[in-house]
Amino acid sequence: MQFAMLIYETPEAFASRKSDGTDSYTGAWRAYHKALVEAGVFVGGDPLEVPETGTTVRIKDGKRGVQDGPIADTKEQLGGFTILELPSLDAALEWAARCPAALHGAVEVRPLAPEIKRRIVE
Amino acid sequence: MNGSGEEEVHRTVERVARESYGRLVAYLSVQTQDLAGAEDALSEALVKALTAWPRDGVPQNPEAWLLTAARRSLIDFIRHQKVVSASEPDLLFFTQSSAEGTLETTFPDERLKLLFVCAHPAIDPAMHTPLMLQTVLGLDAVRIASAFLTPPKTMGQRLVRAKTKIRDGGIRFEVPEKGELPVRLDAVLDAIYAGFGIGWDDMAGVDQRGRGLAEEAIWLARVLLQLMPGEAEVHGLLALMLHCEARRAARRDRDGRYVPLSEQDPKLWSLSLIEEAERHLSEASKYERPGRFQLEAAIQSVHAERGRSGRIEWSAIVRFYQQLNRISPTIGRQTGYAAALAEANGAEVGLAVLDSIDQDAVSAYQPYWAVRAHLLQILGRNPEAQHAYDRAIGLAEDPAVREFLLQKRGLRLFISET
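Which chain is which? The protein sequence lines are A and B, in order. Note that my numbering numbers the first sequence so that position 29 is 29, with each residue one more than the last. Note that my numbering numbers the second sequence so that position 251 is 251, with each residue one more than the last.
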């Protein structure tokens with residue numbers, strides 16, 4: 001079955017993106033990605049741009065509301081996602097514990113919902 | 001009662017709960033054959049103690065007080081369930097003891113039966129350790145869940161299911177017969193060691209997946225040894241864990257950086273724990289029944305010897321691994337063998353052993369990649385070494401180990417040069 005790992009990162013982790021890619025956080029991510037791919041569990045996924053680049057849209061009472069930034073103003077923000085193909089939640093949590101973002105940020109593991117997708121995609 | 005008095009009562013309740021929990025649960029569940037019921041009754045008794053003791057003072061024999069209170073809860077429960085007829089002897093036993101109003105100051109230690117129930121072959125092996133941690137040590141499901149990387153709700157459900165199976169599956173609270181004992185004891189030892197969670201001490205930065213339950217596992221092993229002092233492998237298991245525990249302070253440097261075993265400062269090792277480990281190892285050898293845990297402990301003993309001699313006798317470690325692999329060749333032991341062989345006879349020989357291990361089995365096994373990277377680096381096969389380092393780094397869970405491997409891979413060196 002497929003799981004999404006939702007990667008929540010701290011401001012410090014987002015700041016490290018400005019480096020030239022030789023910092024240990026980026027190095028750890030490079031290695032982690034390689035381990036996921038070579039273990040044959042990686043399905044897809046991407047990092048997201050920093051939270052400040054987000055724009056949030058809502059339609060309320062027929063009126064458009066557009067807001068700068070992400071939905072919630074919390075310390076840890078969604079920084080990317082990875083889809084994994086694994087036999088069980090236990091296996092997915094093993095991989096989540098190895099994720100470099102689990103150290104200072106947090107990693108949420110959620111199963112994908114293929115049933116709901118079938119209802120939507122005809 | 002003032003605040004500090006209440007605090008003191010809380011501390012007393014905590015202490016008694018910690019020291020007596022397993023003994024009380026074991027004794028009550030042997031009487032009723034109902035583990036979950038015994039635990040519920042004891043938690044109720046602990047809650048009652050928190051109200052009664054600050055008011056009436058801490059009883060002279062807190063353990064006996066808790067036992068009596070737990071019994072009353074059990075009687076209420078049995079009456080409530082209207083299974084009086086089926087449980088008549090039990091109920092009689094409980095009512096008699098509490099009606100007399102006398103507190104038993106001593107009661108038999110039934111924890112051995114409890115340990116064997118927890119590691120019973122009819123119970124899912126993955127639940128052996130969680131069951132022991134909860135029923136013998138009284139750890140809560142949330143803490144156990146975190147240690148085993150399981151959602152707390154799921155762990156709670158699995159524990160309940162296992163206890164229901166013990167009750168309804170007629171799993172008897174007994175110490176196995178002699179013929180059955182070795183296999184059954186193996187399961188108990190495995191479960192305790194799984195709680196300890198460190199496979200083997202390394203040379204090249206393997207993932208020390210300490211599950212944070214080392215102390216608890218050592219406590220369980222001590223309990224087991226107290227109950228079965230004549231079993232060589234119980235001594236072996238305790239010796240192994242004490243050797244690893246002795247190095248706790250040396251595993252990280254002052255800045256929290258990971259220090260591999262062969263580079264640790266022996267002055268930081270706990271001499272008293274090493275001596276205790278050695279005592280158990282020599283006690284075990286008297287029985288002339290070698291086993292997995294004695295061999296694993298012997299390997300750690302060779303490492304500890306460096307504290308005195310200043311060198312590691314790798315050829316001895318190689319021999320112990322060969323014996324271990326004859327008993328059961330796990331990928332962990334094969335990897336350890338390869339690492340030791342490389343030290344004794346050269347990296348090329350070690351690498352050949354790694355090449356012979358089933359590649360599918362090691363795709364997510366971190367120590368394999370750490371050792372492989374180390375050996376390839378020694379051999380100057382740099383692109384392959386980098387690749388293996390990436391695998392080891394990507395699979396590492398411990399951030400200090402990850403950082404250590406990143407450095408070995410050369411990433412940090414690159415930064416400091418620029």
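Among these hints, one or two may not hold up.
[What the hints assert, rightly or not] Derived pair list, reagent style EDC-like, types lysine to aspartate or glutamate, alpha-carbon separation capped at 20 Å:
1. B:Lys153 with A:Asp90
2. A:Lys34 with B:Glu384
3. B:Lys113 with B:Asp190
4. A:Lys34 with B:Glu174
5. B:Lys153 with A:Asp46
6. A:Lys34 with B:Asp360
7. A:Lys75 with A:Glu12
8. B:Lys153 with A:Glu108
9. A:Lys34 with A:Asp46
10. B:Lys267 with B:Asp255
11. A:Lys34 with B:Glu14
[To be verified] Beta-carbon label-pair distances, calculated as ranges:
12. B:Asp255 with A:Gly80: 49 to 59 Å
13. A:Gly65 with B:Ile331: 53 to 63 Å
14. A:His104 with B:Glu263: 18 to 28 Å
15. A:Gly45 with B:Gly332: 28 to 38 Å
16. B:His10 with A:Val121: 55 to 65 Å
17. B:Gln157 with A:Lys75: 29 to 39 Å
18. B:Ser282 with A:His104: 44 to 54 Å
[Stated by the list, open to error] Facing chain A, according to a computed beta carbon distance under 7 Å, are these residues of chain B, among others:
19. Arg391
20. Leu406
21. Gly410
No wet-lab data here; the hints were simulated from the structure. Remember, predicted model here, so these are calculated numbers, not experimental data. Where a beta carbon is used, it is the ideal one built from N, C-alpha and C, also for glycine.
Hint by hint, which ones does the structure fall short of?
-> Numbers 4, 5, 11, 12 and 21 - these are the hints that the structure violates, sorted from lowest upward.
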